[in-house]
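**Student:** The listed protein sequences derive, respectively, from chains G and X. This note's numbering puts the first sequence at residues 1 to 491. This note's numbering puts the second sequence at residues 492 to 615.
No lab work stands behind these hints: they were computed from the structure. All C-beta atoms, glycine included, are put in the ideal place defined by N, C-alpha and C. Incorrect hints may have been included.
What the hints assert, rightly or not - If you want the ones that stay clear, here's a sample from chain X, every Cβ over 12 angstroms from chain G, calculated:
hint, residue
1, A544
2, A556
3, I597
To be verified - Pulled from the structure, derived: some chain G residues nowhere near chain X, Cβ distances all over 10 angstroms:
hint, residue
4, F24
5, T31
6, P32
7, V94
8, V163
9, I167
10, I198
11, Y437
12, A455
Claimed, not checked - Straight-line distance between alpha carbons at most 16 angstroms, and here's what the computed EDC-like set of lysine to aspartate or glutamate pairs gives:
hint, chain 1, residue 1, chain 2, residue 2
13, X, K551, X, D612
14, X, K607, G, E110
15, X, K608, G, E28
16, X, K608, G, E440
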Amino acid sequence: MMPAIYLEAIVLTLGVLLVLMEAFSNSEEKTPVAWLGIVGLTFVFILTFFTANDLSASPYSAFYHADFRAIFFKRFALLTTIVVLVLSIEYRGVVQKYVFGSRPQAGLGEFYALPVFTCAGLMWMASAVDFIMIFVSLELVTISFYILVAYMRRNAGSLEAGVKYLILSALSTGFFVYGITWIYGVTGQTSLEKIGAILLGLKVSHGPLLFGFMLVLTGLGFKIACAPFQIWVPDVYQGAPTPVTAFLSVGSKAAGFIVLMRVAEVFLPVPWINHKAVTILVALAALSLLYGNLAAMPQHNLKRLMAYSSIAHAGYILIAVACIGSRYANIAVSFYLAGYLLMTLLTFLVMAAVANQAGGDDIVHFNGLGKRSPYLAFAMLAAMASLAGIPLTVGFFGKFLIFYVAYEKGQFLLMGIGVLTVAAGFYYYFKVVRAMYWKEPADDTPVRTSPLTGATIAALAFCIFFLGVYPAPVIRALEGPPSDNPRLLAR
Amino acid sequence: MIKDYLPILIQAVVAIGFAASALVVSIILGKAGKRNPTKDTAYECGMLPEGNAQPRFSVKFYQVAMLFILFDIEIVFMYPWAVVFREFVRAHHPVIFWSMLSFVSILTVGYVYAIKKGALDWKK
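Looking at chain G on its own, in the form it has when it is part of the complex:
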């Protein structure tokens, strides 16, 4: 059994290797960089199953935990990055068009190498239990995203997205760090565990600590893209290269949520914080649900629609965060994110393939996809059905867990808003389905995909249905081996 801390070291070494390979190889062809990245990350993914979970003896345990949730989110980050690399290979034509250099594929090597560094940051974040560690890994993720979002530098949309993302993300990081300093000022600690112990004592000044916690919440609100911190989302999602948009909407959001969970689990059990913090979380969740779902309705660009849908999904997950203290809140958040990974990445894969051919990612470009390439259309149908939350898909089970947790904690207002907005979701997700099956195609040529993309699409679509019917593997990975904790599966 290998200590979990080696995983990130391997991923980082892989990233360095890719960068050096990019710099030193004389070959014009840059796709091998992506291939090596995919193979290396798959290897690390397999290694996670042979990683020691116990953290008792580790000298790093003060700031690095390798519990089941951490390992789960490490796998999550690896899987996301692998699919993003597949997507990048599919999308390389567009990037090439807007990054012209001395050689035809100049700049593509870094486009494949940077996601690997982001992945290392995400993996560290999954384990971070100290504010300093959280901050450093958050920065590693964010800084590589700054570059990736603005990657197509001859494209005005990508540049606009880059500037907006840089400014707002730096601002949110400022809020986050300022919050950490207030919390440190009150407790004198950066370790979450020690802060938790101090908070449960009596001699803590309430005002400054709440202020710090709210600032941290604001900073994380930007990362998870919940209302009212969502202003950047639509423009950045639309302007960024499609693989980066997929990475942002899955990786960045998951990173924000795992930090939010770790922080909230320390602060929410404290009685005098609890009712205030829960009120704020409920308000954030309700706002995100209403804003995301209502604003998604009139969209006719699929990337923008996915941006608003991402805000809406942040709202659903926040319902479960507001219910921390319930036995299954943690599982509900993680499971929902896992399902969100599958359906979002599937949507973006199909979108990239269609956009390559049609030259755009408006919903109109999907007209008649059911006739042109039934296979892609079916995969998209699976993704949309799951995003909307139709039974037998993973999206349904995710929403079911969220509403179950909300019911258990008596958050009936959130349940009501949640159920109503799910109905709104059906409308705009099925706009895409309607375009695919009920509209006449502009041309009849089938959409071509590479075998790798086709296989990835099939795997993701299969997982959506498989986990929708039999979610036990994911839940088991989160709960770990039998213990005396209350367990979802045993019931």
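Following the hints, put chain X in place on chain G, whose structure we already have.
**Tutor:** Just chain X now, kept in the frame of chain G:
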């Protein structure tokens, strides 16, 4: 707790007060200056100003600046490391040596990459 921050508040008040009072005093005591186009031009040591104030700089300046900051920070880390090195190794473990070595080697990779990419090649 909050009382400890009183000096910071005083400093802020002094800073704002000084700036405000300097402005107010100059308005009260000073004569109102007359404006003309020559007076409004940028002051460059008495020379006639040339061109726009915001020309486009070559990206190479930024590359050099970034590399400089990178290695400057490295030195900042190395000073305290070198100061405590001997005592730390004696008291604990040589892990401090390997951690610095890995840190420097990561930076070296970045440096090799920058050279290989022609970041320091000004003729190109």
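**Student:** Can you give the numbers of the hints that this structure goes against, from lowest to highest?
**Tutor:** 3, 4 and 16
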